[in-house]
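Student: For reference, the chains in residue letters:
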Amino acid sequence: MSTQTRDAAIVGIHEYPSRDVEKLVSPLQIKAACAAAALKDAGLNWSDVDAIYDASDGSAMSGLTIAEYFGIKPRVIDTTAVGGSSYEFHAAHAKRDIAAGRAKVALLTYGSTAHSNAMAIGVGGRGMGTTPADNMESFAGMTLVANYAMAARRHMHEYGTTAEQLAEISVATRMHAMRNPEAVQAMKDLEFLDIRETTISDVVNSRMIADPLRLLECCMISDGGGAVVIASPEVARNCRTKPVWIIGSGEATKYPENGGDITRSAAIMSAPQAFGEAGVRPDELDIAMIYDSFSITVLTILEDLGFCAKGEGGPWVEGGRLRFDRPADGPALNTDGGGLSSNHPGMRGIFLLIEAARQLRGESTSQVPGAALAVAHGNGGMLGSRHTAGTIILARD
Amino acid sequence: MADPQRPLPTLNEHDSHAFWQATKNKELKFQRCANCQTLVFFPRSHCTGCTDGDLTWHTASGLGTVYSYSVVRQSYHPFFRSKAPYVVAWIDLDEGPRLLSNVEVSDPAEVSVGQRVQVHWEEHDELCIPLFAPVR
Ligand SMILES: [Zn+2]
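Going down the list, the sequences are from chains Z and W. Position 17, counted from 1, in the first sequence is what this note's numbering calls 22; the numbers after and before it change by one each time, with no gaps. Position 31, counted from 1, in the second sequence is what this note's numbering calls 1373; the numbers after and before it change by one each time, with no gaps.
Please note: incorrect hints may appear among the correct ones.
[What the hints assert, rightly or not] Cβ-Cβ distance ranges computed for the label pairs, FRET-style:
1. Z/L69 x W/N1354: 30 to 38 Å
2. W/N1377 x Z/T8: 47 to 55 Å
3. W/T1398 x Z/R212: 43 to 51 Å
4. W/N1354 x Z/E239: 36 to 44 Å
5. W/L1405 x Z/G265: 16 to 24 Å
6. Z/T10 x W/V1477: 52 to 60 Å
7. Z/E289 x W/R1386: 39 to 47 Å
8. Z/F197 x W/A1360: 32 to 40 Å
9. W/E1465 x Z/E262: 27 to 35 Å
10. W/T1407 x Z/K247: 52 to 60 Å
11. Z/L69 x W/Q1347: 53 to 61 Å
12. W/T1398 x Z/G265: 17 to 25 Å
13. Z/A314 x W/E1465: 31 to 39 Å
[Unchecked claim] Derived, one-sided and incomplete: chain Z residues facing chain W with beta-carbon distance under 8 Å:
14. P137
15. M141
16. G146
17. M147
18. S211
19. M213
20. D216
21. T258
22. Y260
23. I267
24. R269
If you are wondering where the hints come from, they were derived from the structure by calculation, not from laboratory data. Glycine residues also receive a C-beta, built at the ideal position from the N, C-alpha and C atoms.
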């Protein structure tokens, strides 16, 4: 039975337009610029904010740092840091805190200069870390791409998934990116070689990075950031924007287990919680904003969210099904151009909420007519080993 | 200039110390709880299956199966860049632990999911690194 409540809504959004800040601004400044713009979008001010959510990416005591920097004295501070899905966790917690009467206006921010700092996120050497697991694994030289590639390899082995099927994810996402001027500019600024719509053949013939994943299946490394304002129904009623209600959420964790199955992500646990709370089924959704660190991340999560059965993702995505102009075939995927082709400064989760809200407000550059229901699913950490999953179901009025 | 070196584990990490200590003797160790039989790997000081944990050390045969793998073509780490292309793999040891390592082959195309592999040891001053190769 559904326990859906409409007690918190996204009322303000902003995505930092530049993906290459040329070291001219700091991550904190990006957060502040996005926060101001998102508050303005809602018709609110700094003084309205009484709850702050931050992924602890800026400093050791980020909750304190960010409050002082913004000039806010919040009643709620949440610095949940679980990687790229942190913002889905924050949205879930903001709804919970608002519903409990602890806050009225929640502010989520993200800022990163990963590109300017030349962070080799995907293919960097895994230095010896300090956790026991790191001390057992780092000698093997598993790059981040290789981590995801092992999930892809196992998926191919168990279910017969093909490179062409995985490429569908990249092709649909790039098609959406080409319609988004900020994504096109991002690809120019990050010096993509060939900025155009791609074909399956383009993807499967691009350079191999870590078998079986190829260049056009890997996300970009950009600068960027964003902000999301979540408010109580009373506040939302007086905002300038149409409310985008958070109607369900789920959180889950996965890590390597002896005899475990890496073709199943933590979404298998977060999704039933979120859909159950929302009282909706996957086949009712118009929009799927799914963390596209790599093609395999999306394919795995489409299955785990319940759009199709485990192992059937390959055939399911065939034939351009995920494009925004095929609404009868199920949800449109990553209509902003995704991390693959628009924006990935390291932790993409906040952009999933932002683009989902755009769709439900009717403001996307690849707008699905009448979009009413969306899922934003963040995957934080690494798909092939340890990660977190945050599922948020969103609905328009 | 010296050749780039593989990043090595530290012997000063509390949970994995005994595992790496045993590699000096080319022994691949894992833990099992005598109270509840839970297999514990990576090594820990507590049992993840019960609160009356009684962890005992066992030595694996060194035989296992490739659960999944990737051929790394690009790495910015100097050592791994010098090794590329190389194979990283999750290996299911016959006794149950799943271990991350390299499968050393002359041609990465020789590696496959489900392949039988056996441990061999790369010697260093303080410890040995467990690497794998296909069982011939
Ligand atoms: Zn036990």
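Student: Should the hint that Z/P137 touches chain W count as held when the rule is a Cβ pair under 8 Å?
Tutor: Z/P137 check passes; min Cβ-Cβ to chain W is 4 Å, inside 8 Å.
Student: So, as I understand it, the hint says Z/M147 touches chain W; can you test that by seeing if any CB pair is closer than 8 Å?
Tutor: holds (5 Å)
Student: Confirm or reject the claim that Z/E289 and W/R1386 have a C-beta distance inside 39 to 47 Å.
Tutor: holds (44 Å)
Student: Could one say that the CB atoms of Z/F197 and W/A1360 fall in the range 32 to 40 Å?
Tutor: violated (49 Å)
Student: Next item in the hint list is Z/M213. Is there a CB on chain W closer than 8 Å to its CB?
Tutor: holds (5 Å)
Student: Taking 30 to 38 Å as the stated bounds, is the beta-carbon spacing between Z/L69 and W/N1354 within them?
Tutor: Cβ of Z/L69 to Cβ of W/N1354: about 32 Å, so the range 30 to 38 Å holds.
Student: Look at the Cβ atoms of W/T1407 and Z/K247 and judge whether their distance stays inside 52 to 60 Å.
Tutor: Because 54 Å falls inside the window, the suggested range holds.
Student: Restraint: Z/I267 near chain W, CB-CB cut 8 Å. Satisfied or not?
Tutor: holds (6 Å)
Student: Given a cut of 8 Å on the nearest C-beta pair, is the interface hint for Z/T258 held or broken against chain W?
Tutor: violated (14 Å)
Student: Are Z/Y260 and chain W close enough, Cβ to Cβ, to be under 8 Å, as the hint says?
Tutor: This hint is violated: Z/Y260 lies away from chain W, its Cβ roughly 10 Å from the closest one there, beyond 8 Å.
Student: Do the Cβ positions of Z/T10 and W/V1477 conform to the proposed distance bound of 52 to 60 Å?
Tutor: holds (58 Å)
Student: Any CB of chain W closer than 8 Å to the CB of Z/D216?
Tutor: For Z/D216, the interface hint holds, since the closest Cβ of chain W sits about 4 Å away, which is under 8 Å.
Hints 2, 4, 8, 11, 13, 18, 21, 22, 24 from the list above are not met by this structure, while the remaining hints are.
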